[in-house]
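*Asks:* If you want the building blocks of each chain, they are given just below.
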Amino acid sequence: MSQPTKPGAEKGPRLRDNLVKYFSFSAIVILVVGFTLARPNFLGVANLKTLLSDSAPLLIMATGMTLVLLLGSIDLSMGSVCSVANVLTVMIINELGPQLGPPALGAVVALLAAAAFGAVAGLLLGFVHVKLKVPSFIASLGFMSLWQSVAYLITAAPVSVAKVMWGGINWFKVTFGVVGLSLVLALAWVAVAYLFQSRTSFGKALYAIGGNERAARIAGTRVDQAKIVAFVLSGVCAAIGGYFLAAKLRSSAPTVGDPFTLLIVASVALGGTSLSGGRGGVLGTVVGAFTVSVIQNGMNFIKVDAYWQSIVFGFFVLAAVAISVDRSTRGLVVK
Amino acid sequence: MAAKQPTPMTIAEEFAAKVRRDGQRERVMRYAPMIVLLALVLIFTAARGAAFASFTNMVAILNQLAIPLLVALGLTFVIMIGGIDLSINGTVGMAAALVGVLVMNNRFPLNLGFLGVLLAVLGSVLVGLAVGLIHVYLKIPSFMVSFAFMYVCKGLGLLSYAGQPPKIIDPLLVALPKTYWLGIPFITWVAVAVLLVCIFIQEYTAFGRYIYAVGTDETILRAVGVSVNRVKVMVFTLAGLCFGIAGVLYGIRLGQGDVTAGNDLMFPAQAAVVVGGTSLSGGKGGVTNTIVGVLIMTVLANGLLLVGVNSYIKTGIEGLIILTAVALTVAHGAKVVSK
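Just so you know, the protein sequences line up as chains C and H, in that order. Residue 0 is where the first sequence starts when you use numbering that gives the first Met the number 0, and the numbers rise one by one after that. Residue 0 is where the second sequence starts when you use numbering that gives the first Met the number 0, and the numbers rise one by one after that.
Bear in mind the hints are in silico, worked out from the structure with no lab data behind them. In this text, a Cβ means the ideal position worked out from N, Cα and C, and glycines have one as well. A few of these clues could be false.
What the hints assert, rightly or not - Every beta carbon over 12 Å from chain H, so not counted as near; a handful from chain C, in silico: (1) 104; (2) 118; (3) 123; (4) 127; (5) 128; (6) 166; (7) 190; (8) 194; (9) 248; (10) 262; (11) 274; (12) 286; (13) 311; (14) 317; (15) 320.
What the hints assert, rightly or not - Only pairs whose alpha carbons sit at most 30 Å apart, straight line, appear in this in silico DSBU-like list of lysine-lysine: (16) C:302 - H:166; (17) C:247 - C:48; (18) H:138 - H:283; (19) C:162 - C:247; (20) C:132 - H:313; (21) C:162 - C:172; (22) H:138 - C:203; (23) C:130 - H:177; (24) C:48 - C:172; (25) C:132 - H:138; (26) H:283 - C:48; (27) C:132 - H:283; (28) H:313 - H:283; (29) H:313 - H:17; (30) H:166 - C:130; (31) C:203 - C:48; (32) C:162 - C:48; (33) C:130 - H:138; (34) C:132 - C:203; (35) H:177 - H:283; (36) C:48 - C:302; (37) H:166 - H:177; (38) C:130 - C:203; (39) C:302 - C:247; (40) C:247 - C:130.
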């Protein structure tokens with residue numbers, strides 16, 4: 000005895016899903032057309048190159064955040080984990096690199112160290128959130144301030160990568176046509192994350208937990224384990240983002256990750272992953288991250304004051320979250 | 000003999016024991032912040048002696064206390080309804096920037112005097128109102144709305160003076176930070192006045208009762224016919240007012256309108272409120288708890304500085320304090336779902 004489907008009940012969610020799905024796509028198209036009209040060489044080779052390679056760090060970090068957001072949790076510490084990884088990378092390349100011989104070796108060691116740090120940071124956050132039951136936003140807020148001070152303790156002032164070690168990080172500038180190696184690597188990373196999300200039981204668990212944690216637990220999903228793994232992965236993504244930033248800027252700064260937290264949330268929310276969890280995915284985030292990159296690059300390109308950017312992104316996040324947030328339950332208590 | 004008791008008695012006894020246990024736990028929780036504060040004072044007095052426990056340093060602590068107290072007061076009400084406000088960095092910074100721009104200063108021709116001060120506070124009030132409205136009517140979690148507004152306000156603050164912070168040259172406002180009454184700085188008196196207003200709101204108005212009720216269980220309040228949405232919006236607006244006053248005073252004390260004024264205020268404020276014993280899940284704690292919390296954080300910051308701890312470590316310690324305090328007060332158990 001199947002219930003007849005009410006047309007009204009179907010229309011709401013579908014309309015919203017489509018709105019979310021096409022919001023970012025149409026935003027990209029409109030923005031690109033707009034920026035091109037304002038400055039015709041916006042789509043020139045030089046700027047396209049910058050745009051595409053600059054989006055790589057954001058793309059990687061946003062991928063990690065997607066996994067956490069699918070759970071219905073959030074990781075506000077990603078920006079400062081990125082900062083710590085960034086200063087750690089440059090410190091290792093500069094201090095340890097010359098003793099290791101070829102610059103590439105120093106860069107690899109730095110990458111491993113940064114990723115290991117990210118994993119530890121994610122593990123700690125996951126543990127505090129899952130085992131001590133501290134809500135993720137406040138737990139990650141605590142870690143945000145903790146890692147900020149760690150980043151400052153490692154290097155208080157920006158440090159440049161020594162010129163002899165440039166060989167280890169020059170890969171960031173390698174390009175095939177307009178597509179940079181950094182973007183290729185980032186997309187490969189996203190592809191791995193996509194397989195992880197869609198083909199493994201871990202990925203299924205993420206959706207199940209985000210949809211209904213209690214039901215997932217009763218159904219035998221290893222909820223705690225899946226959550227901690229998601230936070231570890233987001234930590235690693237943040238750290239690799241910091242590593243990419245070191246390669247891109249050829250220098251470190253203890254505050255380099257600060258503005259990224261908002262950009263990451265913006266990318267994921269614009270990509271259609273709901274803040275309440277259980278809906279969305281990594282592929283949407285790619286579109287979201289490109290939207291954010293186009294806005295950022297475009298505003299720089301048409302010489303909009305940098306001050307405007309945080310205002311614009313603040314409202315973008317609100318708009319994106321407002322579209323994708325779950326309001327289906329009547330009398331829902333939102334804290 | 001206890002095993003032979005009829006079942007109703009056992010249940011009643013169990014209940015009584017549970018109430019006693021809860022009462023005991025509550026008492027411990029109530030006095031824990033006081034004990035922490037006392038311990039800190041003793042430790043720093045032992046470590047630095049006269050340098051810490053001197054009259055000059057007490058006045059300095061009162062001076063340092065004022066702005067964190069204002070910020071924490073606003074945040075207390077928000078946390079009491081179970082929400083959170085992460086916009087502090089931005090709202091406080093924006094108010095500080097605006098006051099520099101609007102009063103007599105070395106970069107802009109505006110010279111609105113006291114009206115400028117009011118307008119700067121009003122800016123933050125409007126932001127609080129916007130946070131509340133968006134949170135309530137678009138059903139976006141308060142941490143997300145306020146987090147986005149932190150960036151918006153920082154941008155607005157920077158935009159207001161286009162990069163270079165203006166110096167305040169209004170003679171009255173320049174003299175204000177150095178004004179004392181009964182040996183206590185003027186800025187602290189303002190904080191005390193706001194504190195008294197907050198205590199009044201919490202204890203003697205219906206609105207204050209509603210704040211507790213919303214934090215405990217807003218569905219009950221809704222069923223009774225109180226507009227929960229209005230209470231929430233008012234709470235966020237009130238928080239905006241407190242942040243605005245804090246920002247303006249900070250700007251005046253710095254002597255310039257600088258948006259970075261708010262940067263190191265958020266973590267101490269969050270830590271102060273939760274350390275004071277106001278629960279993040281809402282409905283518990285209150286303004287008086289926050290006074291103790293702010294005292295703890297201020298004494299800690301002051302003492303660490305006197306002991307000679309690297310100032311970068313301070314932020315890290317604040318983070319750890321937030322984590323510990325929340326982990327201790329948050330609800331545990333297998334059935335708790337935390338997102």
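*Asks:* Evaluate each hint against the coordinates.
*Replies:* Verification of the supplied hints:
1. The claim that residue 104 (chain C) is not at the interface with chain H holds, since no C-beta of that chain comes within 12 Å of its own (minimum 31 Å).
2. No beta-carbon of chain H is positioned within 12 Å of the beta-carbon of residue 118 (chain C); the least distance is around 19 Å.
3. Distance check for residue 123 (chain C) against chain H: the nearest CB is about 10 Å away, which does not clear 12 Å, and the non-interface claim fails.
4. Not every beta carbon of chain H lies more than 12 Å from that of residue 127 (chain C), the smallest distance being close to 6 Å; the non-interface claim is violated.
5. Its closest Cβ contact with chain H, about 7 Å, brings residue 128 (chain C) to no more than 12 Å, contrary to its assignment away from the interface.
6. The beta carbon of residue 166 (chain C) sits about 32 Å from the closest Cβ of chain H, which is more than 12 Å, so the claim that it is off the interface holds.
7. Every CB of chain H is more than 12 Å from the CB of residue 190 (chain C) (nearest about 28 Å), matching its label as outside the interface.
8. No Cβ of chain H comes within 12 Å of the Cβ of residue 194 (chain C); the nearest lies about 26 Å off, and the non-interface call holds.
9. For residue 248 (chain C), the condition that its CB be more than 12 Å from all CB atoms of chain H holds, with the nearest at approximately 21 Å.
10. At roughly 10 Å from the closest C-beta of chain H, the C-beta of residue 262 (chain C) falls inside 12 Å, breaking its exclusion from the interface.
11. Chain H draws residue 274 (chain C) into its interface by the beta-carbon criterion, the shortest separation being 6 Å against a cut-off of 12 Å.
12. No Cβ of chain H comes within 12 Å of the Cβ of residue 286 (chain C); the nearest lies about 20 Å off, and the non-interface call holds.
13. The claim that residue 311 (chain C) lies off the interface is violated: its Cβ sits roughly 8 Å from the closest Cβ of chain H, which falls inside the 12 Å cut-off.
14. With a least beta-carbon separation of about 5 Å from chain H, residue 317 (chain C) fails to lie farther than 12 Å from that chain, contradicting its non-interface assignment.
15. In this structure residue 320 (chain C) is not separated from chain H by more than 12 Å, as the shortest Cβ-Cβ distance comes to only about 5 Å.
16. With a C-alpha separation of about 27 Å, the suggested pairing of residue 302 (chain C) with residue 166 (chain H) holds against the 30 Å cut-off.
17. Note on residue 247 (chain C) and residue 48 (chain C): the hinted pairing holds, with a Cα-Cα distance of about 13 Å set against a maximum of 30 Å.
18. Simply put, residue 138 (chain H) and residue 283 (chain H) have alpha-carbon atoms about 23 Å apart, close enough for the 30 Å limit, and the pair holds.
19. Under the criterion of a C-alpha separation no larger than 30 Å, the hint pairing residue 162 (chain C) with residue 247 (chain C) is consistent with the structure, at around 14 Å.
20. Distance hint between residue 132 (chain C) and residue 313 (chain H) is fulfilled; the C-alpha atoms sit about 25 Å from each other, no more than 30 Å.
21. For a cut-off of 30 Å, the pair hint linking residue 162 (chain C) to residue 172 (chain C) stands: about 15 Å separates their Cα positions.
22. Restraint check for residue 138 (chain H) and residue 203 (chain C): satisfied, since their Cα atoms lie roughly 27 Å apart, inside the 30 Å limit.
23. Straight-line distance between C-alpha atoms of residue 130 (chain C) and residue 177 (chain H) comes to about 49 Å, which puts the hinted pair past the 30 Å bound.
24. Taking the CA atoms of residue 48 (chain C) and residue 172 (chain C), the gap is near 10 Å; set against the 30 Å cutoff, the hint holds.
25. Of the pairs offered as hints, the one joining residue 132 (chain C) and residue 138 (chain H) holds, with about 24 Å between alpha carbons and a cut-off of 30 Å not exceeded.
26. Between residue 283 (chain H) and residue 48 (chain C) the alpha-carbon distance is near 54 Å, which puts this suggested pair outside the 30 Å criterion.
27. Only pairs whose Cα atoms come within 30 Å are accepted, and residue 132 (chain C) paired with residue 283 (chain H) is accepted, the gap being roughly 18 Å.
28. Simply put, residue 313 (chain H) and residue 283 (chain H) have alpha-carbon atoms about 27 Å apart, close enough for the 30 Å limit, and the pair holds.
29. Under the criterion of a C-alpha separation no larger than 30 Å, the hint pairing residue 313 (chain H) with residue 17 (chain H) is inconsistent with the structure, at around 40 Å.
30. Between residue 166 (chain H) and residue 130 (chain C) the CA atoms are separated by roughly 50 Å; this puts the pair beyond 30 Å, and the hint is violated.
31. At roughly 36 Å between alpha-carbon atoms, residue 203 (chain C) and residue 48 (chain C) are farther apart than 30 Å, so this suggested pair is violated.
32. Among the hinted pairs, residue 162 (chain C) with residue 48 (chain C) is consistent with the structure: their alpha-carbon atoms are about 24 Å apart, no more than 30 Å.
33. Straight-line distance between C-alpha atoms of residue 130 (chain C) and residue 138 (chain H) comes to about 28 Å, which keeps the hinted pair within the 30 Å bound.
34. About 22 Å separates the Cα atoms of residue 132 (chain C) and residue 203 (chain C), which keeps this hinted pair within 30 Å; it holds.
35. Among the hinted pairs, residue 177 (chain H) with residue 283 (chain H) is inconsistent with the structure: their alpha-carbon atoms are about 38 Å apart, more than 30 Å.
36. Taken as a hint, the residue 48 (chain C) and residue 302 (chain C) pair is honoured in the structure, with Cα atoms around 18 Å apart against an allowance of 30 Å.
37. For the suggested pair residue 166 (chain H) and residue 177 (chain H), the alpha carbons sit about 17 Å apart, so the restraint of at most 30 Å is met.
38. Proximity of residue 130 (chain C) to residue 203 (chain C) is assessed by CA-CA distance (about 22 Å); at most 30 Å being required, the pair is judged to hold.
39. At roughly 21 Å between alpha-carbon atoms, residue 302 (chain C) and residue 247 (chain C) fall within 30 Å of each other, so this suggested pair holds.
40. Between residue 247 (chain C) and residue 130 (chain C), the direct Cα distance comes to roughly 37 Å. Violation of the 30 Å bound is thereby established for this hinted pair.
The earlier numbered hints that this structure contradicts are 3, 4, 5, 10, 11, 13, 14, 15, 23, 26, 29, 30, 31, 35, 40.
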